[in-house]
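Given chain S, put chain H in place with the hints provided.
Here are the chains, one letter per residue:
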Amino acid sequence: MEARGQRRARGDLEREVLAALSAAGAPSTPGEVRERLDGSAAYTTVMTTLVRLHEKGLVSRERDGRAHRYRPVDAAEAAAARMRRALEASGQRDAVLARFVGDLPPEDVPVLERLLRDAERRG
Amino acid sequence: MLYALQVPVVASLLLALAAPLVARRCPPRAAALVLAACAAGCAATTAVVLGLHAVVLLGQLPPVAALLGYDPGRFAHHVPVPPQASLLAVGVLGAGLARGAVLLRRRASALRAADDLCSRLGGRAGGVVVVEGGAEAFALPSRGGRVVVSRALLEALPEPEQEALLAHEHAHLGAHHDLVRAVTAWSAALDPLLVGVPSAVRYATERWADEAAVVAVGGDRPLVARAVARAGLVGAAAPGDRGDWTAVALAGGGGDVVRRVRALLGSRPRGGRPLAAAGALCLVALLVVGGHAVEDVAEVVQHVRSGGQDGEPGLATADLVRGAGDRVLSELAPGRAP
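Line by line, the protein sequences are chains S and H. To convert, note that position 4 of the first sequence is 4 in this note's numbering; the numbers rise steadily by one, no gaps. Offset between the second sequence (1-based) and this note's numbering: plus 1000.
This is chain H alone, in the form it adopts within the complex:
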């Protein structure tokens, strides 16, 4: 169990190293989904393994041992990790959960503000709202979703490019990119080793929406390229005149624009299968490691509770869960025979 943390740590580090490359070279839809899923997997496994340390610590407390009916000293003897390590692990988990909670609160307030703005701007769900000021375009996921576009930006683009822009934003809404980015952000909050994965996922979702816009406008890649390039130049040309949206912390770094236009002027990305397979493998490995760690602790608990006798064949975890279930059932319906 002490070594169970190695796999998620190594996986997180590898993911952090690979993420920028994957986002740049691999087909965007596969890249976004695989990176997000693996980030979530790393974070979940890390949380489970660290959480087990909390379980192990709690199990050594005399009140808990008295409640569950075993000798805390024997438990401590059989636990394969020193309590200091467990305390450290619990501390790390606590810090991660705190970061996640802060993130949740900030996003909730930002979403509430976006929701409020959405209701004031009006428009119908899934529709387009044109605002004065700024040279922005973005998708608001609240209340059925809306696309918000600055008049200046819209008027700077010829009509076909306007269609491309709107198709891009609608793709964000339809594929729930805000959720994909949120999952990645929370995973990075829990697992701080996932450095750079959220921004890689952000770039990948932009490319994904670009490719979806290409499909929507009938496969005209240079058209979408022109829309992105022109929008970037419009924004750069009038930096002082952004109105209310100037300081709005929206994602989308500058270096991405050139890369996106180049990618659109290149050939269609194809073949996300190898990446999906690699991602699936990573998730399976993490699941196995997590399950193994849980089983280790369950074995210790079972060993101690059974008074040192060898456990029955089969998974200790399954036994414990079954035993707990039986106990709960007998509490709820005392008359029934188990």
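Excised from the complex, chain S in its bound form:
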């Protein structure tokens, strides 16, 4: 029960931090983000959240002296990154989606080229 409550709060915090970053309009330090969040969260909490978001690929950062400045990643990029992670987690065995063609082992390349020429002759 407690764990679920904590997880929900973390998700909320991540959303709030992302919203604050978007609202800022320019790359922000953790301190600036914390101020936007009306100071209710501790500085370390905000910083940990930003690091986590960065690991998830939802924010990018650049060095500014001794601190980092964070900015939200483009929405489509973020969505693609999220999907990539979720699909990586699902693994090859139970993959949700099927590609048109899979990875080709190098030894199959000449075989495929020959078959393509074959097909072009028949076309």
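Source of the hints: derived by calculation from the structure; they are not laboratory data. Treat the hints with care, as some may be off.
Claimed, not checked - Covered stretches of chain H (chain S as the covering partner; in silico rule of three or more C-beta atoms under 8 angstroms from a C-beta of chain S):
#1 1175-1185
#2 1200-1213
#3 1225-1235
As the list claims (entries may be wrong) - The following label-pair restraints were derived from C-beta to C-beta distances:
#4 H:Ser1119 with S:Arg52: 21 to 29 angstroms
#5 S:Gly25 with H:Gly1126: 35 to 43 angstroms
#6 S:Asp103 with H:Arg1024: 14 to 22 angstroms
#7 S:Pro106 with H:Arg1024: 22 to 30 angstroms
#8 H:Gly1122 with S:His54: 41 to 49 angstroms
#9 S:His54 with H:Arg1024: 45 to 53 angstroms
#10 S:Arg122 with H:Val1010: 55 to 63 angstroms
#11 S:Ala23 with H:Ser1119: 16 to 24 angstroms
#12 H:Gly1144 with S:Gly25: 47 to 55 angstroms
#13 S:Arg52 with H:Gly1127: 51 to 59 angstroms
#14 H:Gly1127 with S:Arg10: 35 to 43 angstroms
#15 S:Asp12 with H:Gly1122: 24 to 32 angstroms
#16 S:Arg52 with H:Pro1158: 45 to 53 angstroms
All C-beta atoms, glycine included, are put in the ideal place defined by N, C-alpha and C.
Just chain H now, kept in the frame of chain S:
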């Protein structure tokens, strides 16, 4: 009842052995559907038979016996399996259900991510969305379905082959191949003996979509063959430049590409009837075995509850169900005469 598990086990093993051959040699639509259906049948029968062991174990517990009004000792005496076997069976079932639950969660999160991506990419339901980066093409089943294609791949194909590619992906959406593959994956999670069946079904659905594309482009098999071959070579030529889709765990092994092109350059597959008949037979056998096991346990329960008297003629299961139904009805409407 102890022997009831033999049939699903043997069926699962035979299915695992036969699946790659069936996927390769038989007409793809029949292969995909029959393999998926038989896998589901094996998993369901295995689950039912293992579940009966749970029923049998529970029935020997004094509180349950007190509630239902029979002597737990007599029940234990008439049960044809030792409790250790039942415990093992329940453990195996539990492990299978846990695997299935993990699979469900992973797929749910993957589908949510795909759904999110779908809404961000925009486009209309059933439409095509072109993305920068990568050399991929796949069908997103969420939100009415969309086909996602990398610009690089699309531009590498001449227009007729582009049509073939899109027809292939639309076939995946129209025939709900994601559901067929999901059912197979869950069956393999419940019944781990079904090794290799999910990947066989995956290959069969790819071939199925290939054949559907052939029909869509007017029967030109070499055209679709060229589309598949060229797409494979495009992907192989630029391995480093896949963008966001590089590490995406999408299905479709490499060895399949050559096999698919060869199959497309061959003749049209025909005649799925023998396979369908074999599949139906397998399912009937599994149903009979499952039903038999249920009836065995129902007979024991009825025998014990009736105090050792011989049961009435007819199915014990039917009697028990009828009796339970009567009891429920009398609870709900006490005034009515049964």
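Count residues of the region 1200-1213 of chain H with a Cβ under 8 angstroms from any Cβ of chain S, then say if the count reaches three. holds (count 3)
Could you tell me whether the CB distance from H:Gly1122 to S:His54 stays inside 41 to 49 angstroms? violated, 27 angstroms
Given the hint of 47 to 55 angstroms, check if H:Gly1144 and S:Gly25 actually sit that far apart at their C-beta atoms. violated, 35 angstroms
Is 45 to 53 angstroms respected by the C-beta to C-beta distance linking S:His54 and H:Arg1024? About 46 angstroms separates the Cβ atoms of S:His54 and H:Arg1024, which means 45 to 53 angstroms holds.
Holds or violated: 21 to 29 angstroms for the Cβ distance of H:Ser1119 and S:Arg52? Because 24 angstroms falls inside the window, the suggested range holds.
Could you say whether the range 55 to 63 angstroms given as a hint is met by the Cβ separation of S:Arg122 and H:Val1010? violated, 44 angstroms
Verify the CB-CB distance for S:Arg52 and H:Pro1158 against the hinted window 45 to 53 angstroms. 46 angstroms Cβ-Cβ, so the 45 to 53 angstroms window holds.
Between H:Gly1127 and S:Arg10, does the C-beta distance stay in 35 to 43 angstroms? The hinted range 35 to 43 angstroms holds for H:Gly1127 and S:Arg10, with Cβ atoms some 36 angstroms apart.
Supplied distance hint 14 to 22 angstroms, evaluated on CB atoms of S:Asp103 and H:Arg1024: holds, 20 angstroms
Check, residue by residue, whether the region 1175-1185 of chain H contains three or more positions whose beta-carbon lies closer than 8 angstroms to a beta-carbon of chain S, and give the verdict. holds (count 4)
So the hint says 16 to 24 angstroms: do the beta-carbon atoms of S:Ala23 and H:Ser1119 match that? Given a distance of about 22 angstroms, which is inside 16 to 24 angstroms, the answer is holds.
Is the distance from the Cβ of S:Gly25 to the Cβ of H:Gly1126 consistent with 35 to 43 angstroms? holds, 37 angstroms
Hints 8, 10, 12, 13 from the list above are not met by this structure, while the remaining hints are.
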